[in-house]
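Produce the entire structure from the sequences given, and follow the hints as far as they go.
Number of protein chains: 2
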Amino acid sequence: MQTQVEDSAKPIVDPHDIDAKLVQKLANDALVWCSLRGLLVGDRNSERSGTVPGVDMVHAPVALIPMSFPESHWKQACEVAPIFNELVDRVSQDGEFLQQSLSRTRKVDPFTSRLLEIHSKMLEINTIEEIRLGLHRSDYMLDEQTKLLLQIELNTISSSFPGLSCLVSELHRSLLQQYREDIASDPNRIPANNAVNQFAEALAKAWNEYGDPRAVIMFVVQAEERNMYDQHWLSASLRERHQVTTIRKTLAEIDALGELQQDGTLVVDGQAVAVIYFRAGYAPSDYHSESEWKARLLMEQSRAVKCPSISYHLAGSKKIQQELAKPNVLERFLENKDDIAKLRKCFAGLWSLDESDIVKDAIDRPELYVMKPQREGGGNNIYGEDVRDALLKLQKEGTGSDAAYILMQRIFPKISHSILMREGISHKEQTISELGIYGTYLRNKTEVLINQQAGYLMRTKVSSSNEGGVAAGFAVLDSIYLV
Amino acid sequence: MQTQVEDSAKPIVDPHDIDAKLVQKLANDALVWCSLRGLLVGDRNSERSGTVPGVDMVHAPVALIPMSFPESHWKQACEVAPIFNELVDRVSQDGEFLQQSLSRTRKVDPFTSRLLEIHSKMLEINTIEEIRLGLHRSDYMLDEQTKLLLQIELNTISSSFPGLSCLVSELHRSLLQQYREDIASDPNRIPANNAVNQFAEALAKAWNEYGDPRAVIMFVVQAEERNMYDQHWLSASLRERHQVTTIRKTLAEIDALGELQQDGTLVVDGQAVAVIYFRAGYAPSDYHSESEWKARLLMEQSRAVKCPSISYHLAGSKKIQQELAKPNVLERFLENKDDIAKLRKCFAGLWSLDESDIVKDAIDRPELYVMKPQREGGGNNIYGEDVRDALLKLQKEGTGSDAAYILMQRIFPKISHSILMREGISHKEQTISELGIYGTYLRNKTEVLINQQAGYLMRTKVSSSNEGGVAAGFAVLDSIYLV
Numbered sequence: 001m002q003t004q005v006e007d008s009a010k011p012i013v014d015p016h017d018i019d020a021k022l023v024q025k026l027a028n029d030a031l032v033w034c035s036l037r038g039l040l041v042g043d044r045n046s047e048r049s050g051t052v053p054g055v056d057m058v059h060a061p062v063a064l065i066p067m068s069f070p071e072s073h074w075k076q077a078c079e080v081a082p083i084f085n086e087l088v089d090r091v092s093q094d095g096e097f098l099q100q101s102l103s104r105t106r107k108v109d110p111f112t113s114r115l116l117e118i119h120s121k122m123l124e125i126n127t128i129e130e131i132r133l134g135l136h137r138s139d140y141m142l143d144e145q146t147k148l149l150l151q152i153e154l155n156t157i158s159s160s161f162p163g164l165s166c167l168v169s170e171l172h173r174s175l176l177q178q179y180r181e182d183i184a185s186d187p188n189r190i191p192a193n194n195a196v197n198q199f200a201e202a203l204a205k206a207w208n209e210y211g212d213p214r215a216v217i218m219f220v221v222q223a224e225e226r227n228m229y230d231q232h233w234l235s236a237s238l239r240e241r242h243q244v245t246t247i248r249k250t251l252a253e254i255d256a257l258g259e260l261q262q263d264g265t266l267v268v269d270g271q272a273v274a275v276i277y278f279r280a281g282y283a284p285s286d287y288h289s290e291s292e293w294k295a296r297l298l299m300e301q302s303r304a305v306k307c308p309s310i311s312y313h314l315a316g317s318k319k320i321q322q323e324l325a326k327p328n329v330l331e332r333f334l335e336n337k338d339d340i341a342k343l344r345k346c347f348a349g350l351w352s353l354d355e356s357d358i359v360k361d362a363i364d365r366p367e368l369y370v371m372k373p374q375r376e377g378g379g380n381n382i383y384g385e386d387v388r389d390a391l392l393k394l395q396k397e398g399t400g401s402d403a404a405y406i407l408m409q410r411i412f413p414k415i416s417h418s419i420l421m422r423e424g425i426s427h428k429e430q431t432i433s434e435l436g437i438y439g440t441y442l443r444n445k446t447e448v449l450i451n452q453q454a455g456y457l458m459r460t461k462v463s464s465s466n467e468g469g470v471a472a473g474f475a476v477l478d479s480i481y482l483v
Numbered sequence: 001m002q003t004q005v006e007d008s009a010k011p012i013v014d015p016h017d018i019d020a021k022l023v024q025k026l027a028n029d030a031l032v033w034c035s036l037r038g039l040l041v042g043d044r045n046s047e048r049s050g051t052v053p054g055v056d057m058v059h060a061p062v063a064l065i066p067m068s069f070p071e072s073h074w075k076q077a078c079e080v081a082p083i084f085n086e087l088v089d090r091v092s093q094d095g096e097f098l099q100q101s102l103s104r105t106r107k108v109d110p111f112t113s114r115l116l117e118i119h120s121k122m123l124e125i126n127t128i129e130e131i132r133l134g135l136h137r138s139d140y141m142l143d144e145q146t147k148l149l150l151q152i153e154l155n156t157i158s159s160s161f162p163g164l165s166c167l168v169s170e171l172h173r174s175l176l177q178q179y180r181e182d183i184a185s186d187p188n189r190i191p192a193n194n195a196v197n198q199f200a201e202a203l204a205k206a207w208n209e210y211g212d213p214r215a216v217i218m219f220v221v222q223a224e225e226r227n228m229y230d231q232h233w234l235s236a237s238l239r240e241r242h243q244v245t246t247i248r249k250t251l252a253e254i255d256a257l258g259e260l261q262q263d264g265t266l267v268v269d270g271q272a273v274a275v276i277y278f279r280a281g282y283a284p285s286d287y288h289s290e291s292e293w294k295a296r297l298l299m300e301q302s303r304a305v306k307c308p309s310i311s312y313h314l315a316g317s318k319k320i321q322q323e324l325a326k327p328n329v330l331e332r333f334l335e336n337k338d339d340i341a342k343l344r345k346c347f348a349g350l351w352s353l354d355e356s357d358i359v360k361d362a363i364d365r366p367e368l369y370v371m372k373p374q375r376e377g378g379g380n381n382i383y384g385e386d387v388r389d390a391l392l393k394l395q396k397e398g399t400g401s402d403a404a405y406i407l408m409q410r411i412f413p414k415i416s417h418s419i420l421m422r423e424g425i426s427h428k429e430q431t432i433s434e435l436g437i438y439g440t441y442l443r444n445k446t447e448v449l450i451n452q453q454a455g456y457l458m459r460t461k462v463s464s465s466n467e468g469g470v471a472a473g474f475a476v477l478d479s480i481y482l483v
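Residue numbers (full-length UniProt numbering), protein chains in the order written: chain W, 1 to 483; chain U, 1 to 483.
To be clear, the hints were calculated from the coordinates, so they are not data collected in a lab.
Certain hints may be false.
Copies of the same chain are indistinguishable here, so a pair counts whether it falls within one copy or spans any two.
[Unchecked claim] Here are the computed lysine-lysine pairs in the DSBU-like style, where the Cα-Cα straight-line distance is at most 35 Å: (1) K147 <-> K294; (2) K21 <-> K205; (3) K342 <-> K21; (4) K294 <-> K345; (5) K294 <-> K21; (6) K445 <-> K414; (7) K107 <-> K21; (8) K393 <-> K25; (9) K294 <-> K25; (10) K428 <-> K326; (11) K147 <-> K396.
Written as structure tokens, this is what we have:
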């Protein structure tokens with residue numbers, strides 16, 4: 001039962017069909033739009049741009065024209081979002097499954113090991129988290145060969161770009177509207193994207209469930225953050241639509257300024273915290289010293305709503321993704337057979353390195369696999385010949401450090417032509433794209449208050465680049481045009 | 001009949017009463033607000049920022065807290081705006097008055113001379129301009145000694161900041177709202193500021209009167225413009241609210257790409273132009289060669305609506321301001337005695353340099369005068385001891401070049417305390433402020449379609465700086481808080 005990519009699916013316009021003068025006009029208008037509407041990032045060429053707002057700003061890297069995407073696959077991706085939300089919540093409640101599945105990984109990956117240590121402590125303390133908030137993003141690529149929508153990963157912590165992605169959809173709709181005589185298209189075929197307000201709504205509702213009108217929402221941030229405007233849009237929505245105050249603190253600041261009151265209330269810098277929203281803490285590099293780990297544990301032990309809690313965080317790890325792809329594992333967490341079938345349909349091939357047949361095949365045909373470490377944040381995957389070398393090296397060492405990796409079927413998405421805007425300059429490029437679907441989930445005790453798809457993020461990157469991170473400089477923000 | 005400044009008038013909060021931590025929070029929130037809402041300028045430290053949108057942007061320099069301003073003077077300034085609009089239109093129709101008043105200036109100021117040359121040609125050709133569009137800004141200071149609102153100058157060309165000034169009012173209202181528990185104030189005491197949409201409405205109505213739905217509005221711009229976002233906001237309003245397309249051209253480009261059709265239609269780069277909006281061409285430095293003067297003449301001869309026409313431009317010159325301040329001159333243009341009295345009440349002392357008693361007094365007491373050249377754009381006025389030196393030098397030369405200047409009563413505004421934000425840093429400063437009131441005027445034949453006050457611009461500068469230009473780097477954008 002594969003959903004076929006319609007053969008009629010064509011990009012809304014081939015960049016080669018746009019004459020240079022029109023590209024220049026479009027590019028200029030796009031740059032102006034980004035500037036006036038806050039589609040911005042800190043300039044990487046500046047030292048201050050990651051710490052001081054309002055200085056050394058540059059438009060976010062964006063595609064000039066939205067990327068065509070089959071409507072059937074769009075619907076499929078939207079449909080599974082609430083099921084993945086549900087799955088994460090169920091998996092997170094199964095402490096034994098998390099600990100067992102990650103037991104080999106913990107031995108070789110110090111980062112996972114520290115997370116599991118906190119998780120164990122929480123199991124010991126055995127306080128029930130009544131309010132559970134998930135702001136996830138499930139990332140997909142469309143495999144050109146099988147015409148299947150395949151999941152790359154499920155982010156349960158620090159899902160980025162809810163703020164800027166909405167703006168890109170608006171930018172593209174505005175350009176198509178303005179140039180409707182030059183580019184035959186229908187701006188309404190760009191799906192509405194309200195990620196920032198849906199994220200804000202979920203955070204505000206969690207804040208409301210917590211029930212202290214004087215308490216704030218705390219954003220846990222990196223000390224240097226060039227993507228700060230994406231986060232500021234979320235704060236702006238919380239303030240303007242929900243009258244909720246946000247504060248921004250680094251893990252080190254939380255360690256220095258945070259304390260738990262007797263009833264478990266987290267107070268940071270004199271302010272009670274209702275909801276902790278992590279935009280840092282997902283990568284080993286965020287933990288410079290014991291101080292940051294102390295802060296993480298402090299927060300986890302508090303009665304503040306954690307987005308995510310340590311168990312939600314672990315449920316999104318690559319090893320768990322791989323475990324869930326094994327036969328009969330989804331059935332442990334979900335009852336509905338249809339739901340299970342829908343999720344399984346998006347699973348790419350995923351294997352641990354103790355599956356010797358697969359490892360052998362990957363050494364023979366490394367181009368068909370990606371080797372993924374547990375670490376998050378992009379930029380760490382292994383591709384091509386390097387897969388063979390890495391596997392052979394691990395076999396020789398034989399220390400069990402193969403547990404730090406999983407193998408994944410390599411997906412070959414369609415190659416398109418795009419015009420990418422970066423630092424004020426347009427480039428025509430051969431590109432591939434990755435679609436992220438945001439999901440919001442909120443539960444208080446047994447009552448599910450929110451469980452929905454919540455906007456999307458399209459990222460388009462030069463096809464010769466293996467890695468997908470926008471912040472890492474290889475990709476641009478995009479939107480989709482349904483065909 | 002002087003309107004007294006209420007003695008109860010106090011700044012909404014003395015910056016010395018705000019503790020450092022609150023200043024830091026306010027400053028940070030102000031910087032974020034500017035970034036997300038497009039209150040931006042090109043960074044002066046960058047070469048590209050004046051030519052490429054979307055790169056090297058920095059928040060516009062702004063005051064952190066709005067400046068207190070007496071409500072009675074605010075009302076007075078608003079009330080005279082339509083009368084000044086009317087006056088400019090009447091003066092502009094009196095070609096003889098303009099030519100005669102500027103006859104001595106023309107001999108010594110080459111710039112005025114070139115403008116008058118074009119004006120003479122237009123008088124010869126004697127085509128009647130049916131559609132007349134004025135987008136003016138009348139600038140005032142409150143004289144501390146006399147408690148009078150006195151006009152500094154009336155700008156009839158390139159009145160800047162209609163776009164950004166609205167945003168500053170919004171920024172301040174947002175901050176007062178957000179920090180209402182820390183700063184006792186009423187955000188609604190910041191008057192509504194809709195300058196950008198009122199300017200756009202006037203431009204769009206003029207475009208509509210012109211009557212060619214395929215024609216565009218052309219912004220005449222400088223090749224390098226770090227204040228481009230102010231202008232882009234106006235274009236955005238025209239496009240989004242009125243579906244009118246704007247193009248941007250330098251004078252040199254207009255000379256190269258522009259032509260007049262037989263019926264007087266101006267076509268630039270293949271596009272018919274309905275309205276010409278000047279954001280360049282007001283200063284000698286905008287005319288690098290004969291090419292720019294040819295462009296100016298070409299536009300003036302066209303049937304496009306000029307904002308401003310050459311006669312509106314001349315009507316705003318300092319020499320004309322000084323002539324209008326002479327006894328019985330206003331009566332030549334206006335009938336209503338009340339209106340005349342209202343205008344006269346805002347006139348500071350203004351004299352030509354052939355009034356020997358005044359020149360003698362200015363040499364004796366130079367601190368009470370400002371010497372102003374005909375040139376526009378800020379940065380050219382003479383103050384203090386330099387007034388004496390300049391006057392003595394002119395007397396010695398005796399070449400008639402004194403006609404290039406006028407003398408104006410020096411106004412001593414109240415000194416306040418402000419927190420100014422520049423390049424991401426806040427500074428507490430002693431400051432003085434200047435209030436600009438925008439006016440929009442549109443007439444087609446005998447029908448006046450628009451004549452109104454249209455928002456405002458408050459500029460606050462360090463009191464030790466004599467010059468007032470925001471773009472020149474001495475001042476910041478501000479808004480007013482009525483007391």
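Going back to the hint list, which numbers does this structure go against? Checked against the structure, the hints that fail are numbers 1, 3, 4, 6, 7, 8, 10, 11, while the rest are satisfied.
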